[in-house]
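A.B. asks: Protein sequence lines correspond, in order, to chains A and S. So that you can map any letter, position 281 of the first sequence is 281 in the working numbering, and since no number is skipped, the others follow by simple counting. Quick note, the working numbering runs 551 ahead of the 1-based positions in the second sequence.
In short, the hints are calculated from the structure, not lab data. Incorrect hints may have been included.
Claimed, not checked - Listing some non-contacts, in silico: residues in chain A with all C-beta distances to chain S over 12 Å:
| hint | residue |
| --- | --- |
| 1 | 42 |
| 2 | 139 |
| 3 | 164 |
| 4 | 341 |
| 5 | 404 |
| 6 | 492 |
| 7 | 531 |
Unchecked claim - So, partial list: chain S residues that the calculated Cβ filter (under 7 Å) puts toward chain A:
| hint | residue |
| --- | --- |
| 8 | 609 |
| 9 | 631 |
| 10 | 632 |
| 11 | 636 |
| 12 | 642 |
| 13 | 650 |
| 14 | 654 |
| 15 | 658 |
| 16 | 680 |
| 17 | 775 |
All values derive from a computational prediction rather than experimental measurement. Just so you know, even glycine gets a beta-carbon here, dropped at the ideal spot from N, CA and C.
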Amino acid sequence: MTGSTAVATPTRRQELPARPNSLAGTGVLLRFSLRRDRIKLPAWVGGLGLFVVYISAALPQLAPTEEDLDSVVPLFTQPVGRMFTGPAFGMEAPTYERFFAAGYAPYLYLLAALMSIMLVTRHTRVEEQTGRAELVRANVTGRHAALAATLLLATITNLLASVVVAALAISAGFAPTGSALVGLGTGLTGMAFAGITAVTVQLSEHSRTAAGAAGAVLGASFVVRALGDMTATGGSTLSWLSPLGWAAQTAPYVHDRAAPLLLLAALTVATVFCAYLLQGRRDLGAGLFPARRGTAHAHPWLGTPSGLAARLQRGGLLGWGVGIIALGTVDGAFAQALLDAGEDMPPAMQDMFGTSGLLDGYVAFLGSFVSVLIAAYAVFAMQTLRAEEGSGRLDAVLSTRMSRTSYLAAQVCVVAAGAALISAVTGLSTGLAAAGVTGDWAVLGDVGGAHLGLLPGVLIVLALAAVLYGWVPRLMAPLGWAIVALCALVTLFADLLDLPDWLVTLSPFGHLAELPLEAFAASPFLVLTGLSVAGVALAVFGFRRRQVNVV
Amino acid sequence: MQMSDAPVIATHRLVKTFGSTRALDGLDLEVTPGEVHGFLGPNGAGKSTTMRVLLGLLRADGGTVRVLGGDPWADAVSLHARLAYVPGDVELWPNMTGGEAIDLLARLRGTLDRGRRDELCERFDLDPTKKARTYSKGNRQKVALISALTSDVELLLLDEPTAGLDPLMEAVFQETIGEAKAAGRTVLLSSHILAQVEALADRISIVRQGRVVETGSLSELRHMTRTTVVAQTDQPAHGLDRVGGVHDLTEQDGQVRFQVDGDRVDQVVRALAPLGVRSLVAHPPTLEQLLMRHYGDEGTAQDVSGQNVSGQNVSGQNSREQAVPR
Ligand SMILES: Nc1ncnc2c1ncn2[C@@H]1O[C@H](COP(=O)(O)OP(=O)(O)OP(=O)(O)O)[C@@H](O)[C@H]1O
Ligand SMILES: [Mg+2]
Chain A
1 MTGSTAVATP
11 TRRQELPARP
21 NSLAGTGVLL
31 RFSLRRDRIK
41 LPAWVGGLGL
51 FVVYISAALP
61 QLAPTEEDLD
71 SVVPLFTQPV
81 GRMFTGPAFG
91 MEAPTYERFF
101 AAGYAPYLYL
111 LAALMSIMLV
121 TRHTRVEEQT
131 GRAELVRANV
141 TGRHAALAAT
151 LLLATITNLL
161 ASVVVAALAI
171 SAGFAPTGSA
181 LVGLGTGLTG
191 MAFAGITAVT
201 VQLSEHSRTA
211 AGAAGAVLGA
221 SFVVRALGDM
231 TATGGSTLSW
241 LSPLGWAAQT
251 APYVHDRAAP
261 LLLLAALTVA
271 TVFCAYLLQG
281 RRDLGAGLFP
291 ARRGTAHAHP
301 WLGTPSGLAA
311 RLQRGGLLGW
321 GVGIIALGTV
331 DGAFAQALLD
341 AGEDMPPAMQ
351 DMFGTSGLLD
361 GYVAFLGSFV
371 SVLIAAYAVF
381 AMQTLRAEEG
391 SGRLDAVLST
401 RMSRTSYLAA
411 QVCVVAAGAA
421 LISAVTGLST
431 GLAAAGVTGD
441 WAVLGDVGGA
451 HLGLLPGVLI
461 VLALAAVLYG
471 WVPRLMAPLG
481 WAIVALCALV
491 TLFADLLDLP
501 DWLVTLSPFG
511 HLAELPLEAF
521 AASPFLVLTG
531 LSVAGVALAV
541 FGFRRRQVNV
551 V
Chain S
552 MQMSDAPVIA
562 THRLVKTFGS
572 TRALDGLDLE
582 VTPGEVHGFL
592 GPNGAGKSTT
602 MRVLLGLLRA
612 DGGTVRVLGG
622 DPWADAVSLH
632 ARLAYVPGDV
642 ELWPNMTGGE
652 AIDLLARLRG
662 TLDRGRRDEL
672 CERFDLDPTK
682 KARTYSKGNR
692 QKVALISALT
702 SDVELLLLDE
712 PTAGLDPLME
722 AVFQETIGEA
732 KAAGRTVLLS
742 SHILAQVEAL
752 ADRISIVRQG
762 RVVETGSLSE
772 LRHMTRTTVV
782 AQTDQPAHGL
792 DRVGGVHDLT
802 EQDGQVRFQV
812 DGDRVDQVVR
822 ALAPLGVRSL
832 VAHPPTLEQL
842 LMRHYGDEGT
852 AQDVSGQNVS
862 GQNVSGQNSR
872 EQAVPR
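Go ahead and model the full structure; you've got the sequences and the hints to work with.
C.D. replies: Here it is, written out as structure tokens:
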């Protein structure tokens, strides 16, 4: 209320404001969101800070003097290394700080993007989907208040992340300008993805679809940047097409250029503007597309445990499957570019990898990378069971003749079959693409083996998620995702991060033979598969004993 | 089928705790074959919790439960083939049509009777081709109801099944429950709509704070509570409060008003007759009045009378004023 209304006559005070304020209540909502996230956000920012501290402490362990770094440099500078780190600026004269910026800072950007995607979805679409937003909007809150409060929250969080990352990098003895660029790169990448998510949450009524769409943008950005950076040291045109590439293009501690950060800022502004426009055009709780009618009768198979499971898992399988297969195919199609890039490597490095060794390494890397993604799909798919239970739909289903054993077993089997299908099809399509560009048809079998050989690792992750669901469903999401993160960490960085052995042995993928670099080993393959089956049995045993939908 | 008199539902000293909350605190409930049993009680009394224990979704912490002669926790699946459940707050799969959800649940229960399903869709005026997320609350409720009513089961567990239905649909619902009863089904009906319970229930159990505090047929329950009497007599009637069973007697303008225990009405009328009765009005307690004795805390019960209960036409101003005898 402004001062002029306060002194107005009583009748004037009753009047509604002439122009409804679409941002009314933003401040209250922001304070409320800060309180709701009082643990989550500090944990995220603290986690990013810890990452910086860990790397700056671990680097002198990896290479006691900066001269020793020369021997580790190929990890980042060879094409496959550049794929999963970045453009590798300044590696001809490596220092700890340059090493940090080239090999590890890109993961700060990735994590900030993930953090922002989850933050924005949680405070916008999830609220609408559960109907809580309706309660809030029925009060004196404007149409855009929730979105504005969420974006302010994202800004505060990302600003905090920037400051923490930069400060810790400087305190590790890294140059201030470069450290500031890494910090700002982290925060602004986070903001850009907050903006992108603000758009995707307008499109779908379902929070999972909205988060999935933002995740798909992130995944595509990762792939585009990976392929762009693989093609040439310092990146190529493709690297500049990906929002994830921009922060790396500031070349901290080497060229120290701030201009690419403007691209991130511009993307943030553009997406936020777009989100406000879209929100103004839709109803609360609705997506942008109206619902269609469907069939009046159910197909008979829907009335069976596996039919229900297939129906519930269909959407997730389709989304993840298409994404992973596309990613694999594109990666496969870049096999020749990799070989070309390899030819430009210094002779010393060529000795290390060799031309055929380079391709084998690439194929093995793709197999591991895709398998970790499929493990992530499995954990994601198991979360649907939590949603079924929390909504009360499981009550309705279990109050029929369907036994708990058949319910859970059917769900897990459908997810397992889906994971195997994604793995096989991705292996095939990647192999075909790689064979097509290189003209070497032997690579087809190698790629297939690299994918299917790691399938038991995926199954173990799935079984673990199932066991958690059967015994302590509350822990399925946090522990399930922690296992996936661990697998990713170990698969991608076991060498880079100098991880402790006990951590490496925790990842199931490490126990399996890495085709085609190693020969197929039947015993770990069979043991892990057997353990997965036992895990599912244990999960069913727990699920039969526990109560349904009790907090 | 073996038709015995063994109760369809029998719980004895049933206890269910959630951490420090005692949701069920020694609940005794008995539902006999073929009856419609009304299950009433204030919010949070433990009705839904009881239903979920009866379905084997929650495990009892104490006492015994038998449903259709079996243990709902151990024999869940075989029992579920013989019963159908309608929750009070129906959540459907957002991407399925209502028709698909009806079929799905009915098939999971056993076989689907297409003809009966289509007939019920018609009677309940439900368009089964719409996606579940586009349904209104009442229509979501209809989906669960139709699915349960199509199934050929012995027991219907209905937890506030008509929350959100319009009066027309409420009538259809009462009709279909009548048919279910005629077909020999047993129904446990939890509801806040007293008119519905009065119309349908053969017997009623009132639950409060996890315990059944009253159970019996409506007339038995009425008998146990007080009737309100307003009379005009030629001679003053203040001596009446010496008669056993008369309470809260007031006199105004030659009119006496008092309450009398259900089993003492006879004596009181005899005592009244010699005084020259010019007019006499007696209100038997409405279900609302019965409930008001149990809802709310003893001390504050007076304040809540007539306000917290909806769906029931209170018979008159007088009875509303005197809703709470104690
Ligand atoms: N999962 C749970 N965890 C903790 N407490 C619970 C849980 N479920 C129910 N309760 C508690 O148990 C008590 C009984 O709840 P219940 O849902 O059975 O009430 P109700 O009689 O169905 O009420 P209403 O008429 O509002 O539907 C309440 O105090 C409730 O808070
Ligand atoms: Mg309830």
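A.B. asks: All hints are to be evaluated individually against the structure, with a verdict given for each.
C.D. replies: Hint check results:
Distance check on residue 42 of chain A: its Cβ is at least 28 Å (rounded) from any Cβ of chain S, clearing the 12 Å threshold; non-interface status holds. Chain S leaves residue 139 of chain A outside its interface by the beta-carbon criterion, the shortest separation being 22 Å against a cut-off of 12 Å. A cut-off of 12 Å between C-beta atoms confirms that residue 164 of chain A is not in contact with chain S; the least separation is 38 Å. The beta carbon of residue 341 of chain A sits about 45 Å from the closest Cβ of chain S, which is more than 12 Å, so the claim that it is off the interface holds.
With a least CB separation of 8 Å from chain S, residue 404 of chain A falls inside the 12 Å interface cut-off, contrary to its annotation. Residue-level check passed: residue 492 of chain A sits 35 Å from the nearest beta carbon of chain S, beyond 12 Å. Listed as outside the interface, residue 531 of chain A is consistent with that label: its C-beta sits roughly 28 Å from the nearest C-beta of chain S, beyond the 12 Å cut-off. Interface hint status for residue 609 of chain S: upheld, as the beta-carbon distance to the closest one in chain A is roughly 5 Å, under 7 Å.
Interface hint at residue 631 of chain S: satisfied, since its Cβ lies 5 Å from the closest Cβ of chain A, which is below the 7 Å cut-off. Hint on residue 632 of chain S holds. Least Cβ distance to chain A is approximately 4 Å, under the 7 Å limit. For residue 636 of chain S, the shortest C-beta to C-beta distance to chain A is roughly 4 Å, which falls under 7 Å, so the interface hint holds. Checking residue 642 of chain S against chain A: minimum C-beta separation of about 4 Å stays under 7 Å; hint holds.
At about 4 Å, the closest approach between the beta carbon of residue 650 of chain S and any beta carbon in chain A falls short of 7 Å, and the interface hint on this residue holds. Because the closest C-beta pair between residue 654 of chain S and chain A is about 3 Å apart, less than 7 Å, the hint holds. This hint holds: residue 658 of chain S has a C-beta 2 Å from the nearest C-beta of chain A, less than the 7 Å allowed. Among the interface hints, the one on residue 680 of chain S holds; its C-beta lies about 5 Å from the nearest C-beta in chain A, closer than the 7 Å criterion.
Because the beta carbon of residue 775 of chain S sits about 34 Å from the nearest beta carbon in chain A, more than 7 Å, this interface hint is broken.
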